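**Q** Given chain A's structure and the hints, the job is docking chain B onto it.
There are 2 protein chains.
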Amino acid sequence: MYQKKIPVSLDCGLHLFMEVVNGKWKANLIWSIYSGIKRPGELQRKLPNASRRVLDTQLKQLIDHGILYKITFDELPFKVEYELTVLGKSLIPAIMYVAQWGEDHRAELENLIKT
Amino acid sequence: MYQKKIPVSLDCGLHLFMEVVNGKWKANLIWSIYSGIKRPGELQRKLPNASRRVLDTQLKQLIDHGILYKITFDELPFKVEYELTVLGKSLIPAIMYVAQWGEDHRAELENLIKT
Numbered sequence: 001m002y003q004k005k006i007p008v009s010l011d012c013g014l015h016l017f018m019e020v021v022n023g024k025w026k027a028n029l030i031w032s033i034y035s036g037i038k039r040p041g042e043l044q045r046k047l048p049n050a051s052r053r054v055l056d057t058q059l060k061q062l063i064d065h066g067i068l069y070k071i072t073f074d075e076l077p078f079k080v081e082y083e084l085t086v087l088g089k090s091l092i093p094a095i096m097y098v099a100q101w102g103e104d105h106r107a108e109l110e111n112l113i114k115t
Numbered sequence: 001m002y003q004k005k006i007p008v009s010l011d012c013g014l015h016l017f018m019e020v021v022n023g024k025w026k027a028n029l030i031w032s033i034y035s036g037i038k039r040p041g042e043l044q045r046k047l048p049n050a051s052r053r054v055l056d057t058q059l060k061q062l063i064d065h066g067i068l069y070k071i072t073f074d075e076l077p078f079k080v081e082y083e084l085t086v087l088g089k090s091l092i093p094a095i096m097y098v099a100q101w102g103e104d105h106r107a108e109l110e111n112l113i114k115t
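Chains A and B, in that order, are what the protein sequence lines are. For the first sequence, the residue numbers in UniProt numbering are 1 to 115. For the second sequence, the residue numbers in UniProt numbering are 1 to 115.
Misleading hints may appear alongside valid ones.
The list cannot tell twin chains apart, which means a pair is met if one copy fits it or any two copies do.
Stated by the list, open to error - Only pairs whose alpha carbons sit at most 27 Å apart, straight line, appear in this in silico DSSO-like list of lysine-lysine:
1. Lys24 with Lys114
2. Lys114 with Lys79
3. Lys46 with Lys24
4. Lys89 with Lys24
5. Lys60 with Lys24
6. Lys60 with Lys114
7. Lys79 with Lys89
8. Lys89 with Lys114
9. Lys89 with Lys38
Calculated from the structure, these hints are not laboratory results. On a predicted model such as this, the values are computed, not experimentally measured, just so you know.
Chain A extracted, bound-state conformation (with noise of 0.2 Å):
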């Protein structure tokens, strides 16, 4: 059970959180290349309402912030995959949770939102 004081160090936790997901496509690139979807062009088709351009700027964000790490495959045609490091993992189950508590309020959260 959660307490109502709430601890200064898990505010601060919250904050760490929200500087590492925010960002509109950043939990979804995260939960994406964790499904197995690594490649740029895969993640562009899997986010079409997102530009390339702030997926890219999204990405290196999240490589800045030790979340993901980039290989780049030295063989032609150039290829590149986006993978999760240790951290990254991490927030797997985290992103779990907050996507089930979606889930369980989706059909309220959907007319919400449309309205």
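**A** What follows is chain B alone, placed relative to chain A:
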């Protein structure tokens, strides 16, 4: 345990969660209100890096998304408070979960985010 293949429904749940909390201060606003900081001026003091205008916009979006409601007290001086709805309260365990992730990886994240 989570599985490697993520069901489509959870993909949607993640999108719904992000729709609700994406926004620089939203998770902090929800958390602050939950911890008893309910008046606009108090929220502004709690989050001094946010402008009042941005906070007002994000509070309004959280109301539109069914997370908060606003109470206007019929007295002088004029008094307003925000309160979590039932849906908003259901977000607290999810926010606690992700905040714990941030706290568990605090040293690593503070280092990465600074640089």
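**Q** Next, verify each hint and record whether it holds.
**A** Okay, the hints, checked on the actual structure:
no.: 1; hint: Lys24 with Lys114; in the structure: both (17 Å within a copy, 21 Å between copies)
no.: 2; hint: Lys114 with Lys79; in the structure: neither (39 Å within a copy, 31 Å between copies)
no.: 3; hint: Lys46 with Lys24; in the structure: both (14 Å within a copy, 25 Å between copies)
no.: 4; hint: Lys89 with Lys24; in the structure: both (20 Å within a copy, 23 Å between copies)
no.: 5; hint: Lys60 with Lys24; in the structure: both (14 Å within a copy, 19 Å between copies)
no.: 6; hint: Lys60 with Lys114; in the structure: between (31 Å within a copy, 15 Å between copies)
no.: 7; hint: Lys79 with Lys89; in the structure: within (23 Å within a copy, 45 Å between copies)
no.: 8; hint: Lys89 with Lys114; in the structure: between (32 Å within a copy, 21 Å between copies)
no.: 9; hint: Lys89 with Lys38; in the structure: within (14 Å within a copy, 35 Å between copies)
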